[in-house]
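Q: What follows is the residue order along each chain.
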Amino acid sequence: MPDTILQTFVLLRRNFADYSFVPMMLDIDMHSCVERVEEALGGQGFSTYHMKDIEEALFAQLSEKGLLDTRSWKTPSATLLLRNDGKVSILCNVEDQVLIRVEVTDDDIQAAIKTAKDLSRLIGGQNPFARDERIGWLTARPLHAGTGLQVCYKLHLPMLAMLQQVRTIAGSLYKEHRFALTALPDHDEKNPAAIFILRNMFTAYDSTQNLAESVKELALSLSAKEINLREKILKRTVRSTYLDQVYRAYGILRYARRLNEIEFLDYWSKLRLGAAAGLLPLTLEKVDGLLQKAGKAALLMAADIPRDDHTIYFARADVVRAELNGGL
Amino acid sequence: MLCDGCKKREASIMLHMITNGQVATRSLCTDCAQKAHSQMSQAFTTMGIQMVGLGSIVDKPQQEELRLPKMICSTCRTPYEDIDHDTVFGCLYCYSAFHQQVIDYLSGLRGEPKMPKDEVAQPSPSLTQDELSERLQDAVNAEDYEQAATLRDEIKRMHFNAQEHSDA
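Line by line, the protein sequences give chains A and B. Note that the working numbering gives residue 189 to position 189 of the first sequence, counting from 1, and the numbers run on in steps of one. Note that the working numbering gives residue 161 to position 161 of the second sequence, counting from 1, and the numbers run on in steps of one.
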């Protein structure tokens, strides 16, 4: 797979037939909904995280993994059930009552879809999910009704972002294919890390094979565009402002004493671009690992650090300098 | 209180005019307030001042009328305008109430909604014909005729679909 694809996962949305959808649901029903899921998954190795009890550091960790976002953080009845290997999760009571997320391994999307459907059958075995003969599985958003299945690619597209082409591409993807290309949740339009999620919005396909192949084809096409631009602009042009930005990011990250999250993500994105293009003496594994090590969760979990932004910014710069063998 | 202008209709707007520190109050109906507003507006415009405020008050009933939602689910009472990608339904009966609108919307996106073969054969636990008939009876008993009509149409449609399948 191209280095621009960071992760692939599938989402499956379901709602119980005997409850209102989440926007109109009573707290007691939300609680009962979680109990049903927990009961169905008993003995499958899932841990439960209730949003009302979750600590900031754990939220940051789960959020960096893409399992939660601020919307779920602000929903007290939201609950995450996470399988011990971290690859399968079920988020309850955020927009849809049940949102199954399965990470794709070895590029086997069909296996991930099967896992998600098996879990859906398991949970819906005792308490059936809402379904309509013509429309399919019913979701809170009519847009997602049908199979309720979304195939998602997490892509790093720094060149397309720097050249401000993402908005145009996203527009045509929605118009032609009903696919969305959006920034990561909780990242504003500026999206400093240039990480995007490509996913199908319309789910009423008659074949999951076709759906998976369509999304994959577009993910590969976007990756090819990104790599083509990278080759043209970074490798064939000596005096390029983009090349300057790559080396500048490397220099700043090696010597900075204070890094807030936004500037770190901005420089990290350019550092990854430089590493992927073979311009910097860094492996992609090293750069990807840096994102986790200098992330808010890892810094919050470091026992000896007070949990205020000011301290975290300095601690982040220390971690980054150490990782990149920069000036101390 | 009668309108100080026409002396016929009920006053609904209080107009306070301050001239040289003297306050004069007039109670007006919406029609007279509208007339007063347009006269004052013209006078102020000749002085190069644009008048705002009263117009928005007297126009309000008309605007409210226009803001009425196109559709309301009779089960969860959630109001909707057109169905688009931002629409979030309140309950599964919104799908029954606006069934054709949802199908039209989804068809407009990528053609008639379809399901994978391995899922088509599964029963529909949420909207079986018997359950809908029970709900229809409940709606009739509760004199909720709007909901009853929706359910009746849904049952007819399911009956028609079932016949089509058996013919095939």
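Do not take every clue at face value.
Derived lysine to aspartate or glutamate pairs resembling EDC-like cross-links, with alpha carbons at most 20 Å apart [said to hold, decoys possible]:
| no. | chain 1 | residue 1 | chain 2 | residue 2 |
| --- | --- | --- | --- | --- |
| 1 | B | LYS114 | A | GLU176 |
| 2 | B | LYS70 | B | GLU81 |
| 3 | A | LYS175 | B | ASP4 |
| 4 | A | LYS175 | B | ASP104 |
| 5 | A | LYS175 | B | GLU10 |
| 6 | A | LYS154 | A | ASP27 |
| 7 | B | LYS114 | A | GLU133 |
| 8 | B | LYS114 | A | GLU285 |
Honestly, the hints are just simulated from the structure, not real lab data.
Q: CA of B/LYS114 to CA of A/GLU176, is that 20 Å or under?
A: holds, 18 Å
Q: Given the hint that B/LYS114 pairs with A/GLU285, does the C-alpha gap stay at or below 20 Å?
A: Violated. B/LYS114 to A/GLU285 sits at ~41 Å, over the 20 Å cutoff.
Q: Under the criterion that the straight-line Cα-Cα distance not exceed 20 Å, is the pair A/LYS175, B/ASP104 satisfied?
A: Status holds; Cα separation ~17 Å.
Q: Hint check: A/LYS175 vs B/ASP4, CA-CA at most 20 Å. Holds or violated?
A: At roughly 58 Å apart (the allowed maximum being 20 Å), B/ASP4 and A/LYS175 break the hint.
Q: So if I understand the rule, the pair passes when the alpha-carbon distance is 20 Å or less; does A/LYS175 with B/GLU10 pass?
A: With Cα atoms ~54 Å apart, A/LYS175 and B/GLU10 exceed 20 Å; violated.
Q: Would you mind confirming whether the straight-line C-alpha gap from B/LYS70 to B/GLU81 stays at or under 20 Å?
A: The hint holds at about 5 Å.
Q: B/LYS114 and A/GLU133: Cα distance at most 20 Å?
A: holds, 10 Å
Q: Hint check: A/LYS154 vs A/ASP27, CA-CA at most 20 Å. Holds or violated?
A: violated, 33 Å
Taken one by one, the earlier hints fail for this structure at numbers 3, 5, 6, 8, listed in ascending order.
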